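Chain C is fixed; fit chain X onto it per the hints.
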Amino acid sequence: MLNIVWPIFIIISFSYGIFSGNLENLNSSVFNSVNGAINLSISLLGTMCLWCGIMQIASKTSIMDKLTKILKPLIRIIFPKLNKKIEKEISMNMIANILGLGNAATPLGLKAMQSMQKENPKKHELTNSMAMFIIINTASIQIIPTTVIAIRNSMGSSNPTSIVFPIWIASIITATFRSSINKNFYKNG
Amino acid sequence: MQLVNFISNLAMPLVILIIVVYGVVEKAKIFDNFLEGAKEGIKITISIFPTLIGLFVAVGALRSSGILDLIINFVTPMLNVINFPKEIMPLAMLRPISGSSSIAIATDIMKNYGVDSQIGIIASTIMGSTETTLYTIAIYTGCVKIKKIRFVLAVALITDVIGIVISVLVCRIMS
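First to last, the protein sequences are chains C and X.
Per the numbering used here, residue -13 is the first one in the first sequence, and the count goes up by one each step.
Per the numbering used here, residue 22 is the first one in the second sequence, and the count goes up by one each step.
If you are wondering where the hints come from, they were derived from the structure by calculation, not from laboratory data.
Fair warning: this is a prediction, and the values are worked out from it, not measured in the lab.
Mixed in with the good hints there might be a few duds.
Here are the computed distance ranges between Cβ atoms for each label pair [to be verified]:
#: 1; chain 1: X; residue 1: V182; chain 2: C; residue 2: K108; range: 25 to 33 Å
#: 2; chain 1: X; residue 1: I160; chain 2: C; residue 2: K108; range: 19 to 27 Å
#: 3; chain 1: C; residue 1: K67; chain 2: X; residue 2: P98; range: 33 to 41 Å
#: 4; chain 1: C; residue 1: R62; chain 2: X; residue 2: K132; range: 43 to 51 Å
#: 5; chain 1: X; residue 1: V186; chain 2: C; residue 2: R62; range: 15 to 23 Å
#: 6; chain 1: C; residue 1: P59; chain 2: X; residue 2: I67; range: 37 to 45 Å
#: 7; chain 1: X; residue 1: V96; chain 2: C; residue 2: P93; range: 37 to 45 Å
#: 8; chain 1: X; residue 1: I103; chain 2: C; residue 2: S166; range: 17 to 25 Å
#: 9; chain 1: X; residue 1: S138; chain 2: C; residue 2: K104; range: 29 to 37 Å
#: 10; chain 1: C; residue 1: S14; chain 2: X; residue 2: I179; range: 39 to 47 Å
#: 11; chain 1: C; residue 1: I24; chain 2: X; residue 2: S138; range: 19 to 27 Å
#: 12; chain 1: X; residue 1: V186; chain 2: C; residue 2: L60; range: 24 to 32 Å
#: 13; chain 1: C; residue 1: P93; chain 2: X; residue 2: S138; range: 34 to 42 Å
#: 14; chain 1: X; residue 1: K50; chain 2: C; residue 2: K97; range: 25 to 33 Å
SDA-like mimics (lysine to any residue), calculated; alpha carbons at most 20 Å apart, straight line [what the hints assert, rightly or not]:
#: 15; chain 1: C; residue 1: K67; chain 2: C; residue 2: Y172
#: 16; chain 1: X; residue 1: K169; chain 2: C; residue 2: L96
#: 17; chain 1: C; residue 1: K67; chain 2: C; residue 2: Q100
#: 18; chain 1: C; residue 1: K169; chain 2: X; residue 2: K169
#: 19; chain 1: C; residue 1: K46; chain 2: X; residue 2: N54
#: 20; chain 1: X; residue 1: K64; chain 2: X; residue 2: S121
#: 21; chain 1: C; residue 1: K74; chain 2: C; residue 2: T54
#: 22; chain 1: C; residue 1: K97; chain 2: X; residue 2: I158
#: 23; chain 1: C; residue 1: K55; chain 2: C; residue 2: K67
#: 24; chain 1: X; residue 1: K169; chain 2: C; residue 2: Q103
#: 25; chain 1: X; residue 1: K107; chain 2: X; residue 2: L91
#: 26; chain 1: C; residue 1: K71; chain 2: C; residue 2: P93
#: 27; chain 1: X; residue 1: K60; chain 2: C; residue 2: A91
#: 28; chain 1: C; residue 1: K52; chain 2: X; residue 2: S121
#: 29; chain 1: X; residue 1: K166; chain 2: C; residue 2: S101
#: 30; chain 1: C; residue 1: K104; chain 2: X; residue 2: K107
#: 31; chain 1: C; residue 1: K55; chain 2: C; residue 2: L94
#: 32; chain 1: C; residue 1: K52; chain 2: X; residue 2: I92
#: 33; chain 1: X; residue 1: K64; chain 2: C; residue 2: L36
#: 34; chain 1: X; residue 1: K64; chain 2: C; residue 2: N25
#: 35; chain 1: X; residue 1: K168; chain 2: C; residue 2: H110
#: 36; chain 1: C; residue 1: K169; chain 2: C; residue 2: N114
#: 37; chain 1: X; residue 1: K169; chain 2: C; residue 2: S115
#: 38; chain 1: X; residue 1: K132; chain 2: C; residue 2: E73
#: 39; chain 1: X; residue 1: K169; chain 2: C; residue 2: F163
#: 40; chain 1: C; residue 1: K97; chain 2: C; residue 2: R62
Every residue, glycine too, gets a C-beta built ideally from N, C-alpha and C.
Next up, chain X with everything else stripped away, as it sits in the complex:
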């Protein structure tokens, strides 16, 4: 576990260090480039803000109205068979469909069960190791105007399920 923490903690400082040293050695205008990128960061954050407001309200309503508990109680017996944590279920269902709503739901899960709890760590791992499958397929096939996508959607969704189960297993084994 200590080694896992060490590698995790080393990754970010090391990447920043390597990039900045490379920039200095190659005499790039480092700070100008940094500012240019950081401005892009503001744009991205502002562009997802309306989505966050909309989805936080919707997900908050799902939770507080009691309907989510009703649905979860309904699927829990099935999840218990494979020992899958039911708290993760809303995230697992939305992750392939929408990036911003899965961010909202993951945040909500971390807030309710604790960021550093096992559930919080599983939610983080799912967020980091999977993608918004449907969006990706839509834009990649859309740009070449191809409608016949053969087996791609099926493969993507099957492996999304595998990916989520693997995230749960990896977190269980490592913690």
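Bound conformation, chain C alone:
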């Protein structure tokens, strides 16, 4: 994707800058941007390490199993007609998402997709459950939005965690929209 977007950005902005005579700004912005990227990465490094460490501890305790049990009724409603193995894989993926373990969530999600594909009668078309599963993964539901907090902290926010509650509200409303719009779509076609 960026193979297309990045050159477009560079070409239109550099040529516009040259033609509009905005060269001085353009030159200094290149160096400012590079420094900005370095500063951001250094402060991101600390928060990323802390959270990846904490989440690694979580993944080795029984918290994961307990959360899976809590999620079970919800999964039965969203995904009817699935066997127990797939149910478990889906809930592991959702829990990893909720805990903000993006790197763990993706492999777990792909495993669930493959299990669903095995039961799929039309091998080159998504089933309703698969479609719903992808749509849910395009929503972001996290207890701790770590990346955003890390960025806000690196920008010198006076209260980096103040956005946690608004993010919960916004993502719950959006996820509800997502699943209900999706359900309507597969009823009709």
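What follows is chain X alone, placed relative to chain C:
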């Protein structure tokens, strides 16, 4: 507002506390696990660094050359109709396409308008409550080699728009 702040501030310490206490009770090798995860954190940060450099330069050029203002002036009349903050527009357009470039743009917005300003808070909320839709769809359908994805892309993009509008509304109501 005080309650909102309290819940927001409570979330992080509480999650860390619960996880560490669980680890102690179940006699996991807590610090070894912590180190293992933290090393993963270094890898992730290093892996996004080149993307950040590339995108910061590109986004910086978009802004400093004046072309972004030109585009924004062009769409502002439409945004004013629905009272949508035009400063958020670049983020709203890139969020579904690329995770790393939306991080770069969100950071840029926070730097220019202030992290704790309403615009900064809206940008943070959009970042936290949405995902990189196109990337997710690509890898999830790619892993089972399915090309016929039916209505999934349409539903995802429609709800991305809804998600961004909801983020703006939630921030306006809460602050």
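Consistency of the hints with the structure:
1. V182/X <-> K108/C: 25 to 33 Å: holds (30 Å)
2. I160/X <-> K108/C: 19 to 27 Å: Between I160/X and K108/C, where Cβ atoms are some 21 Å apart, the hint holds.
3. K67/C <-> P98/X: 33 to 41 Å: violated (49 Å)
4. R62/C <-> K132/X: 43 to 51 Å: holds (46 Å)
5. V186/X <-> R62/C: 15 to 23 Å: violated (31 Å)
6. P59/C <-> I67/X: 37 to 45 Å: With Cβ atoms ~41 Å apart, the hint holds.
7. V96/X <-> P93/C: 37 to 45 Å: Cβ of V96/X to Cβ of P93/C: about 39 Å, so the range 37 to 45 Å holds.
8. I103/X <-> S166/C: 17 to 25 Å: This hint holds: roughly 22 Å between Cβ atoms.
9. S138/X <-> K104/C: 29 to 37 Å: Cβ of S138/X to Cβ of K104/C: about 51 Å, so the range 29 to 37 Å is violated.
10. S14/C <-> I179/X: 39 to 47 Å: holds (41 Å)
11. I24/C <-> S138/X: 19 to 27 Å: Hint holds: Cβ distance 25 Å, inside 19 to 27 Å.
12. V186/X <-> L60/C: 24 to 32 Å: holds (26 Å)
13. P93/C <-> S138/X: 34 to 42 Å: Distance hint for P93/C, S138/X holds at roughly 38 Å.
14. K50/X <-> K97/C: 25 to 33 Å: holds (26 Å)
15. K67/C <-> Y172/C: At roughly 15 Å apart (the allowed maximum being 20 Å), Y172/C and K67/C satisfy the hint.
16. K169/X <-> L96/C: At roughly 17 Å apart (the allowed maximum being 20 Å), L96/C and K169/X satisfy the hint.
17. K67/C <-> Q100/C: holds (16 Å)
18. K169/C <-> K169/X: Satisfied, since the Cα-Cα distance of roughly 18 Å is no more than 20 Å.
19. K46/C <-> N54/X: holds (8 Å)
20. K64/X <-> S121/X: Holds. K64/X to S121/X sits at ~15 Å (cutoff 20 Å).
21. K74/C <-> T54/C: holds (7 Å)
22. K97/C <-> I158/X: holds (15 Å)
23. K55/C <-> K67/C: holds (18 Å)
24. K169/X <-> Q103/C: holds (13 Å)
25. K107/X <-> L91/X: holds (12 Å)
26. K71/C <-> P93/C: holds (16 Å)
27. K60/X <-> A91/C: With a Cα-Cα distance of about 18 Å, the restraint between K60/X and A91/C holds, given a limit of 20 Å.
28. K52/C <-> S121/X: Given that 20 Å is the threshold and the Cα spacing comes to 33 Å, the pair is violated.
29. K166/X <-> S101/C: Within the cut-off at roughly 13 Å; holds.
30. K104/C <-> K107/X: Answer violated: K104/C to K107/X is near 46 Å, above 20 Å.
31. K55/C <-> L94/C: holds (17 Å)
32. K52/C <-> I92/X: Given pair K52/C, I92/X is violated - Cα atoms ~50 Å apart, limit 20 Å.
33. K64/X <-> L36/C: Given that 20 Å is the threshold and the Cα spacing comes to 13 Å, the pair holds.
34. K64/X <-> N25/C: Since the Cα atoms of K64/X and N25/C sit roughly 17 Å apart, the hinted pair holds (cutoff 20 Å).
35. K168/X <-> H110/C: holds (6 Å)
36. K169/C <-> N114/C: Distance of about 8 Å is within 20 Å: holds.
37. K169/X <-> S115/C: Holds, at roughly 14 Å.
38. K132/X <-> E73/C: The hint is violated at about 43 Å.
39. K169/X <-> F163/C: violated (23 Å)
40. K97/C <-> R62/C: holds (19 Å)
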